[in-house]
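Student: Spelled out, the chains give:
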Amino acid sequence: MNPKVLLLTLLVVLVGCTKPATWVGLAPGEVVVHERLAVRIDGAWSRLDGLQEPKHDVWTSDGTPLDQLHFHTGIAEGESLVVVKDRPADKPIPRFRKDMQAQDVVELYESFASRDGSVFKLEKLAPARFADEDGFRFEFSRVRKSDEVRMRGVGYGAIHHGELFLMVFEAPRIHYFAKHLPRVEAIAQSAHLREKA
Amino acid sequence: MERRHFIETCGCCSAAALLGPALRAAQGWVVPPRLARPAPKTDEGGLWALMDREEERLRQSPFLMRDAALTGYVHAITCRLAQAHCPDIRTYVVRSPYFNANMAPNGMMQVWTGLILRAENEAQLAAVIGHEVGHYLARHSLERLRDAKSRSAFASVLGLVPIAGPLAGLGVLAGGFAYSRTHERAADQIGLELMAAAGYPPLEAAKVWTHLLEELQAEKDWTGDASTRSVLFATHPTEKEREAKLEAAARALGKADLDPQAQALRRAMTSWRRAWLEDELKRRKFGESLALLGRLTAADPQDGEAAYFLGETYRLRASQGDAERALAAYQKAAALPSAPPEVHRALGVLHRKAGRLPEMREAYGRYLAARPEAEDAEMIRSYLKEGG
Ligand SMILES: [Zn+2]
Numbered sequence: 063m064n065p066k067v068l069l070l071t072l073l074v075v076l077v078g079c080t081k082p083a084t085w086v087g088l089a090p091g092e093v094v095v096h097e098r099l100a101v102r103i104d105g106a107w108s109r110l111d112g113l114q115e116p117k118h119d120v121w122t123s124d125g126t127p128l129d130q131l132h133f134h135t136g137i138a139e140g141e142s143l144v145v146v147k148d149r150p151a152d153k154p155i156p157r158f159r160k161d162m163q164a165q166d167v168v169e170l171y172e173s174f175a176s177r178d179g180s181v182f183k184l185e186k187l188a189p190a191r192f193a194d195e196d197g198f199r200f201e202f203s204r205v206r207k208s209d210e211v212r213m214r215g216v217g218y219g220a221i222h223h224g225e226l227f228l229m230v231f232e233a234p235r236i237h238y239f240a241k242h243l244p245r246v247e248a249i250a251q252s253a254h255l256r257e258k259a
Numbered sequence: 010m011e012r013r014h015f016i017e018t019c020g021c022c023s024a025a026a027l028l029g030p031a032l033r034a035a036q037g038w039v040v041p042p043r044l045a046r047p048a049p050k051t052d053e054g055g056l057w058a059l060m061d062r063e064e065e066r067l068r069q070s071p072f073l074m075r076d077a078a079l080t081g082y083v084h085a086i087t088c089r090l091a092q093a094h095c096p097d098i099r100t101y102v103v104r105s106p107y108f109n110a111n112m113a114p115n116g117m118m119q120v121w122t123g124l125i126l127r128a129e130n131e132a133q134l135a136a137v138i139g140h141e142v143g144h145y146l147a148r149h150s151l152e153r154l155r156d157a158k159s160r161s162a163f164a165s166v167l168g169l170v171p172i173a174g175p176l177a178g179l180g181v182l183a184g185g186f187a188y189s190r191t192h193e194r195a196a197d198q199i200g201l202e203l204m205a206a207a208g209y210p211p212l213e214a215a216k217v218w219t220h221l222l223e224e225l226q227a228e229k230d231w232t233g234d235a236s237t238r239s240v241l242f243a244t245h246p247t248e249k250e251r252e253a254k255l256e257a258a259a260r261a262l263g264k265a266d267l268d269p270q271a272q273a274l275r276r277a278m279t280s281w282r283r284a285w286l287e288d289e290l291k292r293r294k295f296g297e298s299l300a301l302l303g304r305l306t307a308a309d310p311q312d313g314e315a316a317y318f319l320g321e322t323y324r325l326r327a328s329q330g331d332a333e334r335a336l337a338a339y340q341k342a343a344a345l346p347s348a349p350p351e352v353h354r355a356l357g358v359l360h361r362k363a364g365r366l367p368e369m370r371e372a373y374g375r376y377l378a379a380r381p382e383a384e385d386a387e388m389i390r391s392y393l394k395e396g397g
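One line per chain: the protein sequences are A and B, in this order. Start counting at 1 in the first sequence, then tack on 62, and there's your number in the numbering used here. Start counting at 1 in the second sequence, then tack on 9, and there's your number in the numbering used here.
The set of hints was computed from the structure by calculation and includes no laboratory data. None of the values given here were measured: they were computed from a predicted structure. Careful: at least some of the hints might be erroneous.
Unchecked claim - List time: in silico DSBU-like cross-link candidates among lysine-lysine, alpha-carbon distance up to 30 Å:
#1 Lys291/B / Lys160/A
#2 Lys362/B / Lys183/A
#3 Lys183/A / Lys341/B
#4 Lys186/A / Lys362/B
#5 Lys186/A / Lys241/A
#6 Lys186/A / Lys229/B
#7 Lys160/A / Lys362/B
#8 Lys394/B / Lys183/A
Said to hold, decoys possible - Rough simulated footprint, nothing fancy, chain B against chain A, three-plus residues with beta-carbon under 8 Å:
#9 185-191
#10 202-212
Idealized CB from N, CA, C, for every residue including glycine.
Turn these sequences into a full structure, and let the hints guide you.
Tutor: What follows is the structure, encoded as structure tokens:
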């Protein structure tokens, strides 16, 4: 498939964004995602601009078909992970509840990641520090429905004062996941919360 | 029925088609001789070549079920129905939670797992397969191709439309064009006759339809209105009448005392049913899932797996009173030997949220005892340590 078509398809599928988006390179150093989550990066990340999502950010290193890093920052009780537009009325929107446990949060992410019919499988779930909280770390695999590429992913999550902070990286199992994993782990380790302004 | 829509929108594919408006076509019909491969230069040859490419794609799809026993079981049903045509047919089981089956003119038969999951017995599965074999034997797709009116629609499907998106690789082209009402009627009647000839009680075909209508109605009750979204309701306003007609045609064929083979089907899907039920829940069609699981738990009150998934559906729906319903279903399941160990984890979650720590520890303990290597074992062990 034409990579441009694929990219556009992905953006529409994953982000629900209809206007053309642009990628903006991020400078190395500290980046504060939506004013709530501070991380340190080594450069070579681009941020999707024009997403118009107050609590969701998408980054990539080699382009979104090849790797994606998602941030969900400060999702509050009753909110969905992403802003949902044009959702068929008969499909309930999975929402965050502040009494959710790690498994529930993974399931919430799964409903987002598999809404195109992809096959998602949780591979590991364990306690982990994230964003100054006792949170959790999970690994998963996913067969991406649009092109049947086998993906691998890793995520970190924590609930702080009833708000969810989630960071998930996903890339094709072949080559790209391993290529970026150490950088992604470093970003997760560097994450610090910022209280609401 | 526009079968393409059916597949795209959801559930109910050929079952809608299963019911023609009347069923008198093709009476006294005899199974035609085997179809020869058409010359490549002809319309039909072109169609076959296209389907061959689709089939190649399907063979490589990660959504293809690669369980020889399961595929062999379904193929054997196809063969019982298709009789002498069996050598010309390849059967593929596709992992997808939607109710669907279709057969391409080149002999590629697809049966989706959402259909197998919903069949109560082998005869009900045979009813849908038989209908699809009916289209094949009567070469309806070729007639469609030659029908001038449908040509442009067909070309757009054959298309030259690049297949991408959620249905890539599922051989969707094969079922991608609409049959006429006349063809549906004929396929219904052929299907019933093939069922009877193969030793299946034809009346089971009507039950497939009844169950689907129940599921759609349940979805409608839950979401408020399914009619604007269900292709089936939109295009089949008199479905009750059709249900009655199919039933009448089935009764006319008699053979009601034949064994519908419930155990055989259950055995064939045993090792997969759990995964398919998980797929079902991911559709987030809670009304339909509750109707399905309600039917399964009523049919077999000792079915711990179905009781567990009933609880899961309520938990995920999370509507008023669903937490209590989920708890009740889990507790019922936990007492049954056939429940998966995850039922104890589910109980653990509810107990932990409610602050019932001794109950939480007991439930999580049972889960970890059964699944010490579970992917979330570390997480659960951390819950057991907390709170003293
Ligand atoms: Zn049909």
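Student: Taking the earlier hints as the rules, which of them does this structure contradict?
Tutor: 6
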